[in-house]
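Assemble chain B onto chain A, guided by the hints.
Residue numbers (the numbering used here), protein chains in the order written: chain A, 16 to 492; chain B, 16 to 492.
Note that these hints are calculated values from the structure, not bench results.
One or more of the hints may lead you astray.
What the hints assert, rightly or not - The calculated lysine to aspartate or glutamate pairs, modelled on EDC-like cross-linking and capped at a C-alpha distance of 20 Å, are:
id	chain 1	residue 1	chain 2	residue 2
1	B	Lys386	A	Glu309
2	B	Lys382	A	Asp267
3	A	Lys386	B	Glu304
4	B	Lys382	A	Glu309
5	B	Lys386	A	Asp267
Owing to the predicted nature of the structure, the values given are computational and were not obtained by experimental measurement.
Number of protein chains: 2
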Amino acid sequence: MAPSLEPFFKQVDDSSNDFIERLRKAVAIPSVSAQDENRPDVFRMGQFLADELTALGAEVEQRPLGKQPGKEHLELPPVVVARYGNDKNKRTILVYGHYDVQPALKEDGWATEPFELTIDEKDRMYGRGSTDDKGPVLGWLNVIDAHRKAGIEFPVNLLCCFEGMEEYGSEGLDDFIEAESKKYFKDTDAVCISDNYWLGTEKPCLTYGLRGCNYYSISISGPAQDLHSGVFGGSAHEPMTDLVNVLSKLVDPQGNILIPGLMDLVAPLTEEEKTLYGNISYTMDNLHESLGAETGIHPTKERTLMARWRYPSLSIHGVEGAYSAPGAKTVIPAKVIGKFSIRTVPNMESEDVNKLVFDHIKAEFAKLNSKNTLDVWLQHDGKWWVASPKHWNFSAASKAVQQVFGVEPDMTREGGSIPVTLTFEQATGKNVLLLPMGSSTDAAHSVNEKLDKRNYIEGTKLLGAYLHYVAEEPQSS
Amino acid sequence: MAPSLEPFFKQVDDSSNDFIERLRKAVAIPSVSAQDENRPDVFRMGQFLADELTALGAEVEQRPLGKQPGKEHLELPPVVVARYGNDKNKRTILVYGHYDVQPALKEDGWATEPFELTIDEKDRMYGRGSTDDKGPVLGWLNVIDAHRKAGIEFPVNLLCCFEGMEEYGSEGLDDFIEAESKKYFKDTDAVCISDNYWLGTEKPCLTYGLRGCNYYSISISGPAQDLHSGVFGGSAHEPMTDLVNVLSKLVDPQGNILIPGLMDLVAPLTEEEKTLYGNISYTMDNLHESLGAETGIHPTKERTLMARWRYPSLSIHGVEGAYSAPGAKTVIPAKVIGKFSIRTVPNMESEDVNKLVFDHIKAEFAKLNSKNTLDVWLQHDGKWWVASPKHWNFSAASKAVQQVFGVEPDMTREGGSIPVTLTFEQATGKNVLLLPMGSSTDAAHSVNEKLDKRNYIEGTKLLGAYLHYVAEEPQSS
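For reference, chain A alone in the conformation it holds in the complex (with noise of 0.2 Å):
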């Protein structure tokens, strides 16, 4: 064990009920950025951390993103940065969170007030927020805590960067992390964000990947407006034949995209990358019990996590102007618009998969021999982002997790996105780590979320051990 973190440990013990307390402050706050009457809990929110980083000695700053784009009534929540140390001789770690949470009603479903953390016999903490991201964010400033009442040296210096619209699109982020790159940030070393999960509820994970996202529509119109399907019935070419016919030859039922040459855009599996699937912490269960059904399409864990994490998938969303209530009406739909995406991996580049995907759609409408009209965009990519897990950033997280947890964490990427990584990887050109605090049962964005004891108190250690590795490892590619 590094020297210091036993006195480190110990204090975070004694100091663990200040700590819940603190969540408990933060849980209290609504601080939702996607309802408008809330914004000023979100600037109530900005303004609590501020303070709380002000108190443990940190130099803090809150800074205007300006007005919400499209509601120009509403000024966007400030970015919450803050410095902790400024050693040369130190590296400089850079962890980013975020302040404000999903909406939550207790008339939603919830078994406790949602703003009131509610600690059950199993020392589940229930609140929104509390694993999303409140819990993590104020891991940090739990970990600085920590240090001063242990009077323990700060191994790194620390660059705080929390924003309260994370929730809601993140607006401005982009923009300041690019804007600050080369400023407030330009000491960065290593990035470290907190605010994914681990894959299952025992062993913690570090996260080196995620898939991007190609967001696309297909229009399809005929007639000049919706028709009565007694009249027009097999007489006039409808829109919405054409369209099902054409989302029916992009996937089939197994998952398999039909696209030609997409697949080939993938980078290769390799004997090495095929051997870490078998070593994961994940079983069938575990997929079905959160599918909630035994619906998944391959027989082992390793298939699954491959489709997951690896490879591209494509799923159809919904169909725009065609009826959707409830019920029953006879009618031809004049337009219709079909949505899918596709998750992308390495190594498909945006433009490489839009180019064959209008090219395969065109084609199979074409075959289809009818007079409506048919078009298709995209509508929004992101792309894929996977670090090296074999940077020092990783290497001194893996060593935090087996000093604290006593195991060696699983190496994850996820099926999801969480374009900020990419963003920070992209601005400051340093390794990125995704270092989660909670599980996958805390129920992030759903009713009843929550953060355990264990998960918050330990994961507080976890946050600050990583710090002190940090420090120790040496450079690495």
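Same frame as chain A, now just chain B:
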């Protein structure tokens, strides 16, 4: 010409201003059956009809239908029944119409006040209900009126059945007709319904057939709740993927139904029938005009009319449970319900159609090897209707058209359904004729609904002449 028609026609011309005033009064009553707050207006409209009929010497009753199912605070508007004449030596003709209307607001895009009859320089009479169905209903009253004024003996006994809930599903009407078929309607020799439209704008038609409609839902479900496509895309069977596959196996883009055996249920096209379509006054331009696009499937009017009238069609109406809003959402819907309907024709029996549909869909779903769960069911069905156009009821109407308009009417069928037609046929066991007054451009149910003055005045002559020829026609099969 039948001897008494000349003075009748003259009287109609002389009374035309009175008849237009009668329509003006009726249009001014916003008898919107679908809007609770207009229910008193619907009653007021029923009273107006009853008063007018009474003043014309008919025996009138307003028959209550009880409370509105599902809206127990609302009384259903009455069926206004009336008898004019009770001579055992005359035929008894039962006529049906409705006195309620579709909703209408000036701000929907009306050029004039919808509940103020407004006549333009081309003698188009704009107003909600003008053509659907107040004009035709008042046509029958005008016929009585003109006979009385001109002192002409009425050629038949007339039974009226005017309902006030047609635009809201004809609540309660089927049971009423069934119950009265052996009572109030027991003397009925034939039925005439004036609640549809000419195929074009110039030539009257008599309608002897309607398609039926079987409406189906296909539900496919998998996970217990909606999933994030980043986390689960590629590792779980997606209901939406399965659904577009199944839907794509129902009908091809050329309108050919792909359900094995279904077309075998369709009555074969005889050489005699084939010759009928060429004579119908209809052009491909008429089709393109009504579509607002040149997306018709068939190259000729004959094949277009056959597709609309005498062949089944299958339309996919939409998907419930998937993402249907504008924008982008990366959801994997947990349960989706596809809606489609089949327009049925002779000799398709609903149970046979259902069996073929269910078998085909289950077989196609089985081919997908998906672990999701499929269910398919009939939402509702309504049978097709085809009358004999050689019946005296039709030949009388044909002679009346020739007398009034100087042309032989087109004998048409329609692609849609008017369920009350079949109800009258089955309840009375008598021939039913659809004798339209309005033209294809009248925009029933739409903004700027109108009835041309010519169609109203000549249409009143047509209804009267029809009754005179009915009185003269020999018995037919």
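Structure versus earlier hints, numbers of those that do not hold, lowest first: none
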